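**Student:** Sequence:
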Amino acid sequence: MEKTNKDLFEKIVTISQSRGFVFNASSIYGGLRSSYDYGPLGVSLKNNLAASWWRDINNDDVLSIYPVDTAIIQSSEVWKASGHLAEFSDPMVDHKPTGERFRADQVPDDIKKEDLTEPRHFNLMFETNIGPVKNENSAVYLRPETAQGIFVNFENVLRTMRAKLPFGIANIGKSFRNEITPGQFIFRTREFEQMEIEFFCKEEDQEHWFNFWINKRLDWYKSLGISEDKLRIRPHEEDELAHYASKTSDIEFMYPWGWGELEGIANRGTFDLTSHERESGKDLTYFDPETNKKINPVVIEPAGGLTRTLFAILCSNYDEDTVNDSTRTLFRFNFDIAPIQIAILPLSKKDNLINISKEIKNNLQKSFRTEIDLTQSIGKRYRRQDEIGTPYCITVDFETADDKSVTIRNRDTMDQERVEINKLHHYFENI
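Per my numbering, the sequence shown runs over residues 1 to 431.
You may find that some hints are simply not true.
As the list claims (entries may be wrong) - Straight-line C-alpha distance at most 20 Å; calculated SDA-like pairs for lysine to any residue:
id: 1; residue 1: 350; residue 2: 398
id: 2; residue 1: 80; residue 2: 138
id: 3; residue 1: 216; residue 2: 250
id: 4; residue 1: 11; residue 2: 184
id: 5; residue 1: 164; residue 2: 65
id: 6; residue 1: 112; residue 2: 95
id: 7; residue 1: 380; residue 2: 320
id: 8; residue 1: 404; residue 2: 326
id: 9; residue 1: 11; residue 2: 257
id: 10; residue 1: 349; residue 2: 362
id: 11; residue 1: 247; residue 2: 83
id: 12; residue 1: 230; residue 2: 259
id: 13; residue 1: 216; residue 2: 247
id: 14; residue 1: 294; residue 2: 166
id: 15; residue 1: 247; residue 2: 260
id: 16; residue 1: 361; residue 2: 371
id: 17; residue 1: 11; residue 2: 326
Hints were generated in silico from the structure; no laboratory data involved. Here the structure is a predicted model, which means the values were calculated and not measured.
The task is simple: from the sequences and hints, build the whole structure.
**Tutor:** Now the structure itself:
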């Protein structure tokens, strides 16, 4: 059992809310348990992670990955075919004295077994209704994963893109699960965002692609600046495999409470396409031009959590150091994913310094995420930028108008360097 770092967890939650990364949803009404809104910096960080994911899965010459954006509400027949209506459930127990409910495998250690009800299954899908009349034919569900939207579009993508095996279909989007015991900030929530790829290949190549995606996805998390010792690959035991999977390995991150899943790479076999083919009556096979035969592709699924990744980035990049006998708090975000990459700090609010700052911003913002920070002393502005993870600050001072140069401060080292204004773009392009 890994040691819980409660202090780090509380610091991450506090700074996330105070600096505009994550807010409690419906906060002016007291909030809604395990429901969160993302503030300006959180949205930027989330978008940057999503963009990095798209770039990474498309940066290999041997891969063809096609993007889709599928509906949150699908036909109920989709969830029948996929097995979610019958299989997508957790065992739930009630605590008799209080009525509090727990997943059967997540009951607190201090609760006695005799105080619990017998486990019963609880379907995790949110049910709603479409149309003006609620009846047995109007029931639909909020998707618990983006994967099934991909599978039901397999033939559409295959036909319109003239795709050839092996190829993938990818989707980033929201999913919904009526978790019995959500918690741990944005790690386990009822509404979350996934980054999923369904990679279709021939049966004889499945082991190669399974291992390929494990290594490729692990390398991506490292590229974000997550320390290698905070990551591990954990193969699933036989008794924890999903009903559709023959093999699964999780990429896990060392969260403040211990190891937790970032992404699962599963071999789903032919389960999904053959299930939808059987239920829909549509041909979802692939015609192999090499053998002139129709085949059922095997599916390798790398399915990661975008919001979980954001949380892991906050945890792994949070740092404190001592400067002039005071504690400096900072996020050491990589330049590529930082919400603000460059802050421009005029030393005073005089018109000439403000105008120069605006010109610098106009020139840099075409390629970089920038902001002008005017409030408080220069020292306090440095500290604010450190706290939101801004890698570089540009100070526009009283000499700038004369020497056409500014001072660039590095967040991590706090070293300062004088650079000519007309060389700034080149400077940051070569970081």
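**Student:** A separate judgement is required for each hint: does it hold in the structure or not?
**Tutor:** To see whether the hints hold, each was checked on the structure:
| no. | hint | verdict |
| --- | --- | --- |
| 1 | 350 - 398 | holds (10 Å) |
| 2 | 80 - 138 | holds (15 Å) |
| 3 | 216 - 250 | holds (13 Å) |
| 4 | 11 - 184 | holds (13 Å) |
| 5 | 164 - 65 | holds (11 Å) |
| 6 | 112 - 95 | holds (9 Å) |
| 7 | 380 - 320 | holds (16 Å) |
| 8 | 404 - 326 | violated (34 Å) |
| 9 | 11 - 257 | holds (13 Å) |
| 10 | 349 - 362 | holds (18 Å) |
| 11 | 247 - 83 | holds (18 Å) |
| 12 | 230 - 259 | holds (9 Å) |
| 13 | 216 - 247 | holds (17 Å) |
| 14 | 294 - 166 | holds (15 Å) |
| 15 | 247 - 260 | holds (19 Å) |
| 16 | 361 - 371 | holds (7 Å) |
| 17 | 11 - 326 | holds (17 Å) |
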